[in-house]
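> So the protein lines, in turn, are chains D and S.
With the first letter of the first sequence counted as 1, position 579 gets the number 578 in numbering that gives the first Met the number 0; the numbers rise by one all the way through.
With the first letter of the second sequence counted as 1, position 141 gets the number 140 in numbering that gives the first Met the number 0; the numbers rise by one all the way through.
These are computed hints drawn from the structure, not numbers from a lab.
Since the structure is predicted, the reported quantities are computational estimates derived from the model, not experimental observations.
Possibly wrong hints are sitting among the right ones.
[Stated by the list, open to error] Distance windows between CB atoms, simulated: (1) H56/S - S148/D: 26 to 36 Å; (2) E296/D - D124/S: 39 to 49 Å; (3) P19/D - P119/S: 26 to 36 Å.
For glycine and all other residues, C-beta sits at the position ideal for the given N, C-alpha and C.
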Amino acid sequence: MANPDYHLIGKSLPRIDSAPKVSGEALFTGDLNLPRMLVGKILRSPYTHALIKTIDISKAKALKGVHAVITGQDTAGEKWGVFKYTRDQQLLCVDKVRYVGDEVAAVAAVDEETADEALDLISVEYEELPGVFDCFSAIAPGAPVIHDSHPRNINVAVKIEVGDVEEAFKKCSIIREDTFAADEDSYFMMEPYAVVANYRSDGSIEIWMPNASPHTKAKALSNALRIPLTKVIARKITIGGAFGGRSDVFPAEFITCLLSIKSKRPVKVVYTREENSIATRMGHAMTTTIKTGVDKEGRVLARDIVSYLDGGAYSSTGPIATSVPFLCHEQTYRLENVRFHGYRIYTNKPVRGMIRIHGRSFACGIDTQLDMIAQELGIDPITIRLKNARRPGETTATGSYVSSCGLVECIEKTAAKSDFINKFNNKKPFHGIGIGINSVQTGFPLGIRGGSQALIKFHEDGGATVISGVVDNGQGNDNMLVQIAAEELGIPVEEIRLISADTEITPTDAGSYSMISTFGGGNAVKRAAADARRQIFEIASELLEADPEDLVAKDKKIFVRGAPHAGIPMEKIIRKSLLIGRPIMGTGSFSPEVDQRREWVSNPRGQLSQAFSFGATVAEVEVDPETGTVKAHNVTCAQDCGFALNPMVVEGQFQGGVAMGGQGGMLTEAHHWSQGHVLNPTMLEYKIPIIKDMPNIETIIVESIDPVGPYGAKEAGMSIAMSAAQAYANAIGNALGIYFNRFPLTPERIFDAIENRKSGIETAWDLEPARVIEFDK
Amino acid sequence: MKKLLITMTVNDEQFDLMVRPNETLTETLRERLGLTGVKEGCAEGVCGACAVLMDQHPVRACLTLSMEADGTSITTIEGLASDGKLHHLQESFINHGAVQCGFCTPGMIMVSKALLDEKPSPTDDEIKEALSGNLCRCTGYKKILEAVRSTTQIDPKKGA
Ligand code: FES
Ligand code: FES
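Excised from the complex, chain S in its bound form:
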């Protein structure tokens, strides 16, 4: 299979990569760049464990061809902390007990980050809507909701 050259910025670092036309972004990020924080739970776009940000928007890396990422900027869970300090969403997930096995966690955090970047004060319903494509088998979601809600700038009582 003929490979194609793509250029993408991943976690603020630029890469030139030769990719197969059928190569998924999951494969490229995990296997070539070693970014194994991108998880593969289903490989068919259902679980959200592979969510990364492409130009700030959440995408499912398992459904995205790496060719489509040509010229874009990708952020993975590994790129969230800055200056050795965890992002406040990461802190919040830890402090609220929103992490059990942790397999869903990177995807949950990336999608939450995209939501909060766009809408700093979402209601509970908006948080649930945003996370409805991210499956978690361990937590029952309650502490995940609490973790995201606590980082918003609104009165938690509003908008149940």
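Bound-form chain D, shown alone:
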């Protein structure tokens, strides 16, 4: 919605980073080339589970052109984990490997061929151990143990209980229990992972890599390398997509630094597509059993949920990953009596992290089951959602106050625009319509805390430079920061420079995960700009002999409201400020108000995030019953993003969310396995949507104007990615009259469900339920 008070905010301005990207000028990590730079390569475990007996690197070291060879012996067994209590991943394996791809040794050499040859010359003697490859066998008594500290391979156990669940179930008129499962999915950001490290003679090290938080990376590397934080410098670089897959710290960063330190030369490691899939992160496979009880009207009175997440070999963001599917759910729906048991379970497979539609089986399960209950009650999917949807001013089950919430508007608008009720009631054969709704956080505690700070300095020509720690993964954060500063300062976007995401220069920022960048970093820049403007107005008020309160900054001029012709050019004020010894420098900071005592496992209650976004997506599909293939025709999505700072950017996020969450996430995207080996690590076999697959997408921006977000903004697009998966699942189910419970819905699965159609309101397949795990028994 255009707001007449703003000149730039709320307008679809082209992003500032687009021009260098369309010209080929933008440099990504793999594009960097430093003098004397070496090629780094990593030797990985070929086994799913094995002890390392001996490693012989002597031949590799002796090879001409090899400048460094490192193994776990060079690292003091240094371990990584997001939290102190989850440090379980050795940055180079010392005694044991736990998945195919675990890092065992690395080399730096003059060129790729020499590096490859050196890897071949390293001989490692392993003693193979039996492995476990799925949650149910991993927790079985007597199963091989992957980490000695974790019996039954239970990495994280989260328990949340609110209200009186058992009592509430007694009052329900319908109770259902169903189980939903989904395979592992993957990010497949277009840029393969790469790292460049440059150790310098003053003992400092520069590092470039796609990342979601340079400050977090620098801190972790400082600890692991035992180099003071001040000397670990994560530099700004263009990043080719993240989707949750660049948030964590990876061994490759540490390894590349170590290679550079050892060889005293810059080193570049570029991952193959296969390495990007297996040795960064992937999505969790997950099984969720949901028991829901409702009253006669369809209001949910009680819910009991158990989830098993296949975490792979290490913790990564484990406690967060285990909790977030539930937290999104409790934000979306009113729940007075609810119990959640989440278990993240170790297996001998690649490490799992958070992904854009993290917890497909959970979210799609909730919404599929809701449709089943609606059918039992004889009400439609819209009605049952409106009965249970979150409203503003309410508090979630675990105690987060929701100040702004446009979920009802999202549901109503998508339903109206797609003509949902009419299409649902007058169904054409093999055509289906479905709705999904969801909610995400704008920031949550992630081990590193502290908000975002920003600085703004000025040039004698009246231009400015914004300095912020916020990183841009491709979503448009750089533009967001500049558009906000331009609005506040009345300086055109083109005359504002941005220095961001460089730990040597930029102040701390919490990182661009958990959807906090606009809310946190945007607010910090807005405050810094307001601070600078105050200083500018002070000087201008002397020159104009006017009250600072009456001044306006616009078009690089400061003038008394209503008298733009008599304005003073910005450059004049900047020069004056230098002349009188009061140079202008804006500073601002923002930390969201959350409950700092809240902890993922030990204390999952209190304010989680200061604001939440909400979204609804409706999908319309057609299924070919002969082949099981799905054609999505139309998708209508609405999100309450608070306020759209740049509607074109917001729409782009929605559309990308539909592609990854719905089209890819529900139809094709899954990893296939054989005994812990990924069968489809590359783009050839892992199918992400192409342009021809995409449906027509209608986007609806809902603006609830959050009281704290900058101009009321929260986050853009994540609630769409999540709800699109749910909408597709329900639409396909609606087309066939089948309730699907195993995702994604590949043609084989759909065909199988049609062939073995069950009668009554039942899920398509009988899956083994996830049950509460009794300890010490």
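Dock chain S with the ligands against chain D, hints included.
This is chain S with the ligands only, laid out in the frame that chain D set:
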């Protein structure tokens, strides 16, 4: 490995280069000529990020041996702008918000350019067909389609 001499014109400039028989065009363009606008997303011919024009036709540089480029004229994304002015396709990608992370962008633009050079008024289906070998993980393709369509000379309503 014995190297071979090739001659190729890249963005209107002629180069004599010694290349290995197994050297890909991606390697030659990126590593020897510094044309890092040629991206490598998959190295197996699937993603289209490495698309360049060889004698006006789009090819995947990762699947093309540099030897095959001997005697040809190559255009990369760096060669599209002229006289300091961006090509209208580049402008259109910017103005339509068709660029997010930008990793797929050079390939998308090169393939679109080849299409429009051959067929100034493609239908939506023809644009989609031409771009179906270019993957984008960020945009959902809608704004890319709009960006290309807006530079064509037809009524956008025609040919859905
Ligand atoms: S890098 Fe050539 S097609 Fe992907
Ligand atoms: S813009 Fe990121 S892959 Fe296309």
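> Against each hint, give a clear statement of whether it holds in the structure.
Quick rundown of the hints versus the structure:
1. At roughly 59 Å, the beta-carbon separation of H56/S and S148/D lies outside the given 26 to 36 Å, and the hint is violated.
2. Evaluation of the 39 to 49 Å hint for E296/D and D124/S yields a pass: the beta carbon distance comes to about 47 Å.
3. A beta carbon spacing of about 28 Å between P19/D and P119/S agrees with the range 26 to 36 Å that was offered as a hint.
Violated hint: 1 only; the structure is consistent with all others.
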